[in-house]
Amino acid sequence: MPDDTALPPELQLRIHDLMVRARCLEERLIQMYKQGDGYFWIGGPGEEAFNVPLGLLIHKGQGPQFDYMHFHYRQSATMLALGAEPIDSLRQMKNTATDPYSGGRNFSNHYSVRKWNVVPVSSTIEVQYSMAPGTAMVQKRAGGKGITIVTGGDAGTAEGDFATCMVWSSRPANPLPVLMIVTNNKWGISTSSEGQHGEKHVADRGRPFGIESKTVDGNDPENAYREIQAAMEYVRTTRKPFLLEAVVSRLYGHSSASGANPVIDEADCLKGFEAKLERRGLRTRAEMDALRAKYLLEMQEAHKQVRQEPQPDGSTIFDHIFQTRDLVRGG
Amino acid sequence: MSNMVQAVRMALHVAEERHQLNDIFGEDVGPPLGGAFTATQGLRNSWNSPLDERGIVGAAIGLGLAGSRNVAEVQFCDYIFNTIDLLKLAGMVSWASNGDWNCPTTIMTPVGSGIRGSIYHSHSFDATATHIHGFKIAIPSRPVDAYGLLLSCIVDPNPSLFLIPKALMRTRSAPGEEIPGVEVDDRALSKMIDAPLGDRSKWASQWPDTPDLFIPLGEGRTVRRGRDLTIVSYGRTLPLCAAAAEQVAQESNGAIEAEVIDLRSLCPIDWPRIQESVKRTGRFLIVNEDTEVTNFGEHLMRLAVEQLFYELLAPPKLLAGAAVPGIGLADNLEAASVPQLPSILQAIRDLANESP
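Heads up: the protein sequence lines correspond to chains A and B, in order.
For the first sequence, the positions run 496 to 826 when our numbering is used.
For the second sequence, the positions run 330 to 685 when our numbering is used.
Please keep in mind that the hints were generated in silico from the structure rather than gathered at the bench.
Please read all numbers here as calculations on a predicted model, not as lab measurements.
Some hints could be false.
Dumping the calculated DSS-like pairs for lysine-lysine here, alpha-carbon to alpha-carbon at most 30 Å [to be verified]: (1) A:Lys-789 / A:Lys-555; (2) A:Lys-555 / A:Lys-695; (3) B:Lys-646 / B:Lys-608; (4) B:Lys-417 / A:Lys-555; (5) A:Lys-610 / B:Lys-608; (6) A:Lys-766 / A:Lys-709.
Listed below are several chain A residues computed to face chain B (Cβ distance under 7 Å; list not exhaustive) [claimed, not checked]: (7) Thr-593; (8) Ser-597; (9) Ser-607; (10) Met-626; (11) Thr-630; (12) Val-823.
Positions of the beta carbon are idealized from the N, C-alpha and C atoms, including for glycine.
Assemble the whole structure, with the sequences as input and the hints as a guide.
Following this line, the structure appears as structure tokens:
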């Protein structure tokens, strides 16, 4: 019996490929931390089913005609789907001079890619939600279909910046094309949301502002793909905000601060999707094992290479405090 | 003669007409009010925002990242403190991205005492601002500097803080110091660019033709030449220092001639100007109204001690605001909290007469 909810087979395989690669990347980053090849790990293993489709659906490019991304630090799978190279994440973990995102200045998974409109990721929780309306204003004024996408976790929605984003994006004077995404893993570091949040769904908070919103299963990549696509289409065409809450898993805890050890009682989106692919006859277990082996090797080789690369020189700390060129304005 | 708030308004007008300033926004910034101090009346691109300082600063950063020059106003600097982390982020956009991004945005906010603003409308922000690296910081003390410094902030590719001394908002240009192109008297200028009381819906500014006058950030101004000591100040206390220097010169029959430097920019600073002056006078007085503990003047004092120690004739002196949590409303409380003319006069006399 045909599965009407299935995405085209080639897309399923592409998503799976990226999910495996992203998982291997995060596992390697954790390994690097544990081997002393990095000082801190934070990332997004467990969110691949949502974050890969997000990356595939982003209209990537530079300037207001393309999507602006205000990410938090769990977006590695999205970055791979956008076309980032895993070795660059390893470079940031090892804080090498070759780290293209920060030159060895920032934690792992703190991306910054101007040519793709990925604005610098900050460790400070939720601040990206206050900045997002700014890029969206420029996009709305510029015309076209570029939208602003902001991501964060459920715990961060307690910050005032989350309300700021809703207020500013839904101003009757100037509604904005902002796709607000909350990946809800039900945790804030070590604190369960059950004791802290009375709202049933984070998405419900959009209603008083007249913001369209939805809570979706973020552990099913096909469902995530369709829901993100629909939400993006709404924002692109109406030029109004949308609040999308995706329920996801957190498979290695908050960060290295909580040990970065596997969590066995949460659903693994990769296992669930692989069972589906196997059932549909799209990929055998052996093929999936081979795929994982390929990416494990890729990460291992990348790790070896990164170990050979230089650290930034201390004399560079004064570089780039000020710009002499107006890069964002094409100067 | 224009006053400082009119100078700010004219600079914003020039920037929106000629320098792609797309957004001038904040609480009450747009019509009908045009700013709590009227600094944004009659502007084409001004608009009202929600009452949300974090949203204002956050939106300013986002606009800047998307390449849109903007000026965001925080109505009083007393309300900017809950945005410090956002300001830190704006200041590190270029540095944290290893030079991949820049963020052209100007945060404009009134600072300091002098309007009987009580505890929460009298704070200074210069000491805190200079701890937020990656920002250019300007603070004018006369209308033409407000005009030229603000234009420089707006076109700078980096984030900038434009601190406007509240007490000087209505201070008029001195003769010979008018903004070029403002060739009408006070009343005529007011009719041209000050919004009328009452219904303003049909009113439009008649802007004078003022030029692109960019006062470089990092260039101080020697307000008064002197031989015997160097006073460095900025903002509200600058005109007091100039007046005090004049008074001391007169009462001493020219025996005490103080040089007065208006720093104008707190980042970058015109240290060569200060250095040259202090080397010549051997005595160094810094005056500002922020609280005295970890005051920006202490930084200048350190530079002087480290670099000019053997050329100093007396210990450098800092006259600053008292280390108290706020500024009390009563006249006597405010006067006792921040430097006033008498305390500056006394500081000049003491320093000029100090000997080992």
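To see whether the hints hold, each was checked on the structure:
no., hint, verdict
1, A:Lys-789 / A:Lys-555, "27 Å, holds"
2, A:Lys-555 / A:Lys-695, "34 Å, violated"
3, B:Lys-646 / B:Lys-608, "15 Å, holds"
4, B:Lys-417 / A:Lys-555, "28 Å, holds"
5, A:Lys-610 / B:Lys-608, "49 Å, violated"
6, A:Lys-766 / A:Lys-709, "25 Å, holds"
7, Thr-593, "11 Å, violated"
8, Ser-597, "5 Å, holds"
9, Ser-607, "4 Å, holds"
10, Met-626, "4 Å, holds"
11, Thr-630, "4 Å, holds"
12, Val-823, "4 Å, holds"
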